[in-house]
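Undergrad: Chain residues, written in single-letter form:
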Amino acid sequence: MTVRPAALPPIPFTGIRPRLRRRESVLIALVAIALVAGDISLSATHEIAAGGPPTLGIADPGGLAIYLAVLLGVHLAQVLAGRRTDQVLLPAVGMLGGIGLLLMERLPQDLVTQTIGGRTFGLAEIQLAWLVLALVIIGTLAIVVRSDSWLRLYKYTWAVAGIGLLILTVLFGVEVNGVRLSLRLGPITGQPSELLKVILVVFLAGYLSENRSLLIEQDTRIGPLRLPPLPYLAPMLAMWAVALLVVIVQQDLGAALLFFLVFLLLVYIATGRRSTLVIGLLLFVVGGLLLYATIAHVRTRVDIWLDPFSDPAGAGYQVIQALHAFARGGLVGTGLGAGLPVVSGRLPIPEIQTDFPFAALGEELGLAGILAILGLYLVVIERGLRIAAAAADDFRALLAAGLSLVVGVQAFIIAAGNLKLIPLTGITLPFISYGGSSLLANALVVGLLLAISDRGVESPPPPRPARRSPRRLFGRPGRGSSGGAAAGRAP
Amino acid sequence: MTAVGRGTARRPISANVAQVGAALVVAFGVIAAGAGYWQLVRSADLSSSPDDPAVIAAARDTPRGLIEDRHGTVLASNKKDADGEPYRVYKDKSMSPVIGYASRYYGTAGLERAYNAQLSGIARSDPLAEALRKFQATPYDPQNLTLSISLPLQKAALAGLGSDRGAVVMLDPRTGQVLALASNPTFDASAIADPATAQEAWTAVNADPAQPLLPRATLGTYVPGSVLKIVTAMGGLDSGALTAATKFPQQPAAEKNGLVVSGFTIKDGHHPFTDGTVLDLPDATEVSCNIYYALAGLKEGGGALDSMARRLGFYAPLPFDLPTATSQLTNGGGPLPGGFLDDVELANAAYGQGETLVTPLQMALVASTVANGGLLMKPQLVTAISGRSGTTTIASQSMGQVLSAADDAVVKQAMMQAVEGKYGRLFTTGAAVPGIPTAGKSGTAQLGGTGEPHSWFIGFAPVDHPQIAIAVLVEHGGRGGSRASPLAGQLMKLFFDTEATS
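Residue numbers (our numbering), protein chains in the order written: chain P, 1 to 491; chain E, 1 to 502.
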């Protein structure tokens, strides 16, 4: 007992054996130190701005304490539950969420307010509530999910639900900033496209894993190109087209780009066929040109991207102001709370809390901070892809890879948009941007990744022979799954 | 080739995952490179641009640096409005064309614009200090400017212009330091800077047909008339086409009957004084003989005239603390050397008519060059910049030896005769400073039409070791000798009475 710390006494009434998570505890301690240091720096900046000498205070001790306590709670819950999930994801995501919380504490609190029961909550308080909920979801999924059949078996149901959600948004959505992206449920508005990205990955993972061998081994030849068999691609393309169409109708370019890139990369991961990438990129170019020619909204975005300085006070304002913010930051930044100069009571960048947190952090934390944040995203991606590579079967591998891609590609799209590397689209910076939908959807991603990473979960079902209509109608009989280590590794 | 069992098909998912992971690492590397571009390469120019909100906010929160004249008189300082935000207050209206204004609503002009980064304190002198600025208590370091201007001279120049539009430039020919740079009419820069009166003052000053916002000394271009003859003389002497003894035998007859150049007749009206004398260069300068200078210009040719003008600073903005208009001899495009259309235009340009257009500052530099033995000094307004990190003194700079000292002595002699000579003083009434040998040249710029000509004078004193050079322009002031010359003499006298040190 005293010699082996891992073998704590079992909790008698459940039979669950607690298991220490040393690496995670050390990393969470580092995260706590970094965030407390950040909050002290923020407090000092406030005091200097107020004209006094800085003291060793914490700007928002209550909020930070709650956040760190919940982060620690999720860690301890996994310890008690004895799960053997990944130990790096939670601290990395916790750090990103904490940076977001510090940023929301630093921004003017009246940017977003919500009154519930006579009490008005400000930006940081709302973000903290969503972060706590997100951490609880991560912990719950990591501990509770022991089987993936609810995802694996009902992929079409999920797809239909997702599309239904989008159609509901189009029909009954609430307009925010002139775009109908949100659904209102009581006091809460949400953006279904955030949830849809998770559903898309679940569906694609299910479909691709089931038909993987056929997609790899059969060809449709068009000239020199060898493509996967068309009948097997059709449902997928349809899914993609429907999602894309609805998103375009909603003018949510960021989500459309995210869906398309994740779709393309996931098909490549499943099949390893470069031709799919080539075709996909051609489709992308053709589609992009068509959209540019036909949709004014797209044309505006691209024109602003090409030359924001042609209309610096109008259309190009946001983009130029973001570039100025990066420039003001320089190598080490202005310091948290010391940047983002306010002129006439206005922050330099409109919609900073959702669309431009990357530029805000670029100014206040400098290039050094930007590199650290990019590094954190790479850690999340690396852990996710590692989980994918080590997964027990194709479905879990594709699911884990897809979920990691959702985070990585989304972070890339908005960061590159902020830096004028690609046209700006209004999607969120995962874990950092203000917003409940985004935080909860990304919590689902992390929670599922943690669940998949656990070797202790229920082993996947044995590969099934071919079934369902497409093969009977168009294909020859399947030859069974050929990929992945199908054997379960249950203890 | 069969469709089954190719190599790629057998690759496990993990290999494809690794490839996609590598692609994402590259993609994030591109983002890092993009951040590096904007945060390091473009950092300085974007974050110090006048459009940057930090610059605007700094201007709102931080009082700008002070501007002082050469005697330490504060010309631009700050007050605070009801909200505690600073705004600019200016000492004297005569300085407005030089200092300009810094307004919360209407931006900046003049030195306030040219030195905005230094005055507002966002200038980045040292990259390391810049990187560590976040660790300093006060991030901005507004710098004070010291000008070479003398406020008493500047005020006297403006007062001397009175109700006439015009400009006065006075500078030290040895250093290029500008002591007066007056433009009339002027405006109340304090009223534009004061948030309480800004809108009203701005509207009024823009609606004024006299264009008070135009700094005439630097951005006004005028037909020079006879003051340009000095450039013609310099060009001819430098190219060897002219000497002090050069005479044109046909000149006396042409004065009576007109000089026919390519069918165009040039007339001049001073023959009663000289009565048939064949003039040399100093004598022709003394009586401002258009016929002589037309012939001189034709003899030296457009190339020599153009070359001298360019060395003096024509055809380009002058290297100066304020923006300047370019001066010219011709609109250009002609087949003759120097771009003149024909000999008629060249002959007219040689005595300052035709398509010649100059700024008062440019003509002051011509006088300054002659005064300084042919060595042109760069004109200079700001002599020192001082802030928390210390004081930087800005040394005077040469723009090159434009004319040899020997040739320059000939021009000096000619210009002295034009002020001190028996006939010359009739053309330059009142320009001579009592007790101090004075040199100069008046000009009467014919504008066509019925309006009064522009009245010009350029000159310097004392002739032997000049301490002050001057250019005076009075729009529609009549003959050079009647309006500009006496004002120049009066201002130079004031200089020797109150400013001269040696």
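I should point out that these hints are in silico values taken from the structure, not numbers from a laboratory.
Every value quoted in this text rests on a predicted model; they were computed, and no experiment measured them.
Careful: at least some of the hints might be erroneous.
[What the hints assert, rightly or not] Label pairs and their calculated CB-CB ranges:
hint, chain 1, residue 1, chain 2, residue 2, range
1, P, Glu47, E, Pro50, 25 to 33 Å
2, P, Leu281, E, Thr326, 23 to 31 Å
3, P, Gln114, E, Thr393, 55 to 63 Å
4, P, Ala234, E, Ala33, 37 to 45 Å
5, E, Val30, P, Leu56, 34 to 42 Å
6, E, Ala15, P, Leu20, 30 to 38 Å
7, P, Val79, E, Val30, 37 to 45 Å
8, P, Pro61, E, Ala22, 41 to 49 Å
9, E, Ala33, P, Gly345, 32 to 40 Å
10, E, Pro50, P, Val160, 38 to 46 Å
11, P, Trp150, E, Ala22, 29 to 37 Å
[Claimed, not checked] Partial pick of chain E residues on the chain P-facing surface, computed with a CB cut under 8 Å:
hint, residue
12, Leu40
13, Ile56
14, Ile436
[What the hints assert, rightly or not] What the simulated footprint calls covered on chain E by chain P, stretch by stretch (three residues with Cβ under 8 Å from a Cβ of chain P suffice, anywhere in the stretch; the number is not a length):
hint, region
15, 25-34
16, 47-53
Ideal Cβ placement from N, Cα and C applies to all residues, glycine included.
Undergrad: All the hints need checking, so say for each whether the structure fits it.
TA: Hint check:
1. P:Glu47 with E:Pro50: 25 to 33 Å: holds (31 Å)
2. P:Leu281 with E:Thr326: 23 to 31 Å: violated (53 Å)
3. P:Gln114 with E:Thr393: 55 to 63 Å: holds (60 Å)
4. P:Ala234 with E:Ala33: 37 to 45 Å: The hint (37 to 45 Å, Cβ to Cβ) holds, given that Ala234 (chain P) and Ala33 (chain E) are roughly 40 Å apart.
5. E:Val30 with P:Leu56: 34 to 42 Å: Given range 34 to 42 Å: holds, Cβ gap about 40 Å.
6. E:Ala15 with P:Leu20: 30 to 38 Å: holds (34 Å)
7. P:Val79 with E:Val30: 37 to 45 Å: Holds, at about 39 Å.
8. P:Pro61 with E:Ala22: 41 to 49 Å: holds (43 Å)
9. E:Ala33 with P:Gly345: 32 to 40 Å: Holds, at about 36 Å.
10. E:Pro50 with P:Val160: 38 to 46 Å: violated (56 Å)
11. P:Trp150 with E:Ala22: 29 to 37 Å: holds (33 Å)
12. Leu40: holds (6 Å)
13. Ile56: holds (5 Å)
14. Ile436: violated (55 Å)
15. 25-34: holds (count 7)
16. 47-53: holds (count 5)
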